[in-house]
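Following the hints, complete the assembly by docking chains R, C and P onto the known chain Z.
Here is how the chains run, residue by residue.
Number of protein chains: 4
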Amino acid sequence: MSYTVCVVYHSGYGHTARQAEAVSEGAGSVDGVTCSTIPVEDLFDSESASWATLDGANAIIIGCPTYMGSPSSAMKQFMEASSGRWMEQKWADKLAAGFTNSGSQNGDKQNTLVDIATFAAQHGMVWINLNLMPGNNSSGGSIEDLNRLGASLGAMAQSNVDQGPEHGPTDADLKTATALGKRVAESAKRWG
Amino acid sequence: MSYTVCVVYHSGYGHTARQAEAVSEGAGSVDGVTCSTIPVEDLFDSESASWATLDGANAIIIGCPTYMGSPSSAMKQFMEASSGRWMEQKWADKLAAGFTNSGSQNGDKQNTLVDIATFAAQHGMVWINLNLMPGNNSSGGSIEDLNRLGASLGAMAQSNVDQGPEHGPTDADLKTATALGKRVAESAKRWG
Amino acid sequence: MSYTVCVVYHSGYGHTARQAEAVSEGAGSVDGVTCSTIPVEDLFDSESASWATLDGANAIIIGCPTYMGSPSSAMKQFMEASSGRWMEQKWADKLAAGFTNSGSQNGDKQNTLVDIATFAAQHGMVWINLNLMPGNNSSGGSIEDLNRLGASLGAMAQSNVDQGPEHGPTDADLKTATALGKRVAESAKRWG
Amino acid sequence: MSYTVCVVYHSGYGHTARQAEAVSEGAGSVDGVTCSTIPVEDLFDSESASWATLDGANAIIIGCPTYMGSPSSAMKQFMEASSGRWMEQKWADKLAAGFTNSGSQNGDKQNTLVDIATFAAQHGMVWINLNLMPGNNSSGGSIEDLNRLGASLGAMAQSNVDQGPEHGPTDADLKTATALGKRVAESAKRWG
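Chains as they are written, first to last, in my numbering: chain Z, 1 to 192; chain R, 1 to 192; chain C, 1 to 192; chain P, 1 to 192.
One chain only, chain Z, in its complex shape:
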C-alpha cells in the first residue's frame, strides 16, 4: 500500500517556503510515501485540483509565517475555504501536523501552532507532534542543535528579518522541519 502526505503552506517572502520544502523532503524520504506540496494560493480557487489532492491524502502538514502574533491571513483564507469539508467532516481521521517561521526567536509562534492544531481538531484529524527534545538548552548547546527553539506542538523556524530566504531559516531549523515531515510520513504508515 502507498501513502500520501500533503504539505500546505503559505510563504510571504520565501522563508516559510524553504521550511515547507524541508518538511516535504522528510516526508518523501520515507519508503512507500509520496509527498506533494501545495501553496495556499492554489487553494483559493475552489475548483482547483489541489483540493482533491488534499481529500485523498493520508496526512496534511500545514505551515505559515507567524505574522503579528498568529497565522498569516493567507493561511486563514485557506482554513476558511475548507469549511465545506469541515461541515461534512470529510478530513476526519487524517493525520495533521504544523510548522511556522518568523523573524524573532519566539515571536508568539506558539499561538500559530495552537491555532493550526485547533483547526485540525475541528476537522477531527489526529495531531502528530514534533517529538524532538529541545536543543540549545544547556551549557554545551548551540544554535545548530535540532529543535534549538524548543518547540513541541510542531516545528518552529527563525529567519532574520533583514535577509532573504537564501540565508534562512537556519540549517538547524530546516533539519527540524525535515524531522517533522519524516515523522508524519512514518506515522501515516502506522496509522494505516
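Only true hints are included.
Okay, derived cross-link-like pairs now, DSS-like style, lysine-lysine, Cα gap no bigger than 30 angstroms in a straight line:
id, chain 1, residue 1, chain 2, residue 2
1, C, Lys175, Z, Lys90
2, Z, Lys189, C, Lys189
3, Z, Lys189, Z, Lys90
4, P, Lys182, R, Lys189
5, P, Lys175, P, Lys189
6, P, Lys189, R, Lys182
7, C, Lys90, Z, Lys182
8, P, Lys182, R, Lys182
9, R, Lys90, R, Lys189
10, C, Lys182, Z, Lys182
Derived CB-CB ranges, DEER-like:
id, chain 1, residue 1, chain 2, residue 2, range
11, P, Ser46, C, Ser29, 35 to 45 angstroms
12, C, Ala92, Z, Asp55, 23 to 33 angstroms
13, Z, Ser46, C, Gly192, 30 to 40 angstroms
Think of the hints as simulated: they come from the structure by calculation, not from any bench. This structure is a prediction, so every number in the text was calculated from the model and none was measured. C-beta atoms are modelled at their ideal positions from N, C-alpha and C, and glycine is treated no differently.
Below, chains R, C and P alone, put in the same frame as chain Z:
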C-alpha cells in the same frame, strides 16, 4: 479633555457587526468619550483616512468572528497591514480590548481573544479585560445572564448558524459587549 | 492483541471525577480494550504502582478542572512528576487526549486543553481530538446536544457551582466524555 | 502619592528567583514606587500578612517557571488560593503583568504567559505588556539584545538546564525583566 475609542471589526454575515455596534454603544455612552466604528475593509486601503482615526485614538477595540478556530482572515489582513505602525511602535500605550462571535457556545473563541491580545501586546498596547464575573454557572443561572459564556480576556458572543443577524447574538451577549465598550471608555479616561 | 487505556484525572469536588468515569466507560466499551482510572493523588508517590500502569498503557487520557483559567495545581503536580519519563521520552508515540470541567460555560477551558495537549506534545505523544461537531449552535439546538459546548481539542463539561457532583456535569457533557473515551480506545487499536 | 508594586513568584531552582529580583529592581527604580517581592510559598498560609500586601498593591507582577508546558504547580496553588478574592473581585482594576523562565529557548513559555494573563483577566485586572521590540532577529542581532527571545505578553528568560542560577538567566533576559518591572511601575503611576 475628550477621549476617542475606535472599534475595528470584521463581520462575515452581520452577527459580529451587531456585536461591534453594541460595543460602540457602550463606549459612546461614557461622558467625554466619542466612539467611531471602522469595518476592517476600510483599512485594506493604506491611504484610507481611517488609519489616521486609529492613530489618534486613545483606545482600539478589535473584534471578529472565530472561523475555524481562530480570528477571521479579513481581521488578520488588517493586523498585517498594521505592521508599519508596529515597526515604529506608533500605537504603544494606547488601550486595547477584544471581542468575538461564533456559531457554537465555545467554538475555540478563546484562541481568537488570545491572538487579539497578543497582537495588542506586539503593539505595546495595554489590555483591558472584560471584568465581569461568569453568568449562567449556577442552578439559578440562565442564558440571559451577563457574560453567560464565561469569558475573561474579552467579550464573547454566540449566534445560531441557521439564523441571520436579526436573531443573534443573543441579548445577553450584546449587553456583555456593551459592558466591555463602557469599561474601555472609562479606562481611557482613567489612563489619561 | 489487547490494548490498555489509562484515564488520569484530578477532581476537587467530584464533578471531574464523574467526567473521568464517563471517559473510562467509553474507553472500556471497546472490544479488546481495558481501561483503568487513576486519580492524580495516586501518582504523587513516585513508588506507586500506578506509574507502571501508565508506562504500559497504549493511551493516556488526562483530565482536570479548569481553576482560575488553567489546569488545576494537582494536575500540574502530576505533570511535573512525569519529567523523568519525559527526559527519557518513555511515553513517546503513546496516544493522548484531554478533558476538563468548570463552573462556567466557557471558563477559559480552552487554555486547559491547550496546556494538556502541549504536555502530551512534550512527551512526544500523538493527540486524539474530540471529533464531534459542535452541538447547540442552531435554532433547533439544545443543551442536551452532544458537544453542546463546542469544544474541539478535547471534551469540555460544565457543572453548576452551587451543586454537587450528583447534579453535574450535565448528561450531554457526560455523553460527550464517553464519546471521547471510545474514540481514543478505537484509535489505540488502529494505531497498534 | 506613593504606589506599590508586588512581585509574586515561584522558583524551583533559583533561576526564576533571579528573574523576579530583576523585575523588582526595575519596579523599585521608579520614583514614588515601592516594590515588595513575595515567594508564592508565603501565600500558602491563608493567614499570611503577604495577602494584605497584595490587597494593598497597585500592581501585581506574577512569574514562575514553565514546567512541562505551562505554569508550575506551586504557582497554580497560589492562583487557586486567590479564588476567595476573585469571588469578591477584590483585585479588579489593579494592574498585572507576567514573566517566566525555562530551560529551552521557547519551551512553550507562551502558554504560561497566556495562563497568567487569563488569571489576571478573571480577577478583572488590567494587563501591562512587555512593550519591547523583539531583539536578535536580524543579521546584526545577538543573544545580548534586549527581548532576544521575542516575547510580547510578558518577559521571557532562558536558563541552561545544567547550570545553577549564578549562570542564568542570561544578562539580556535579566535586563528584559527589569524593563518590564519599570514599565509596570510607571504604568501604575499613570493609571493612578
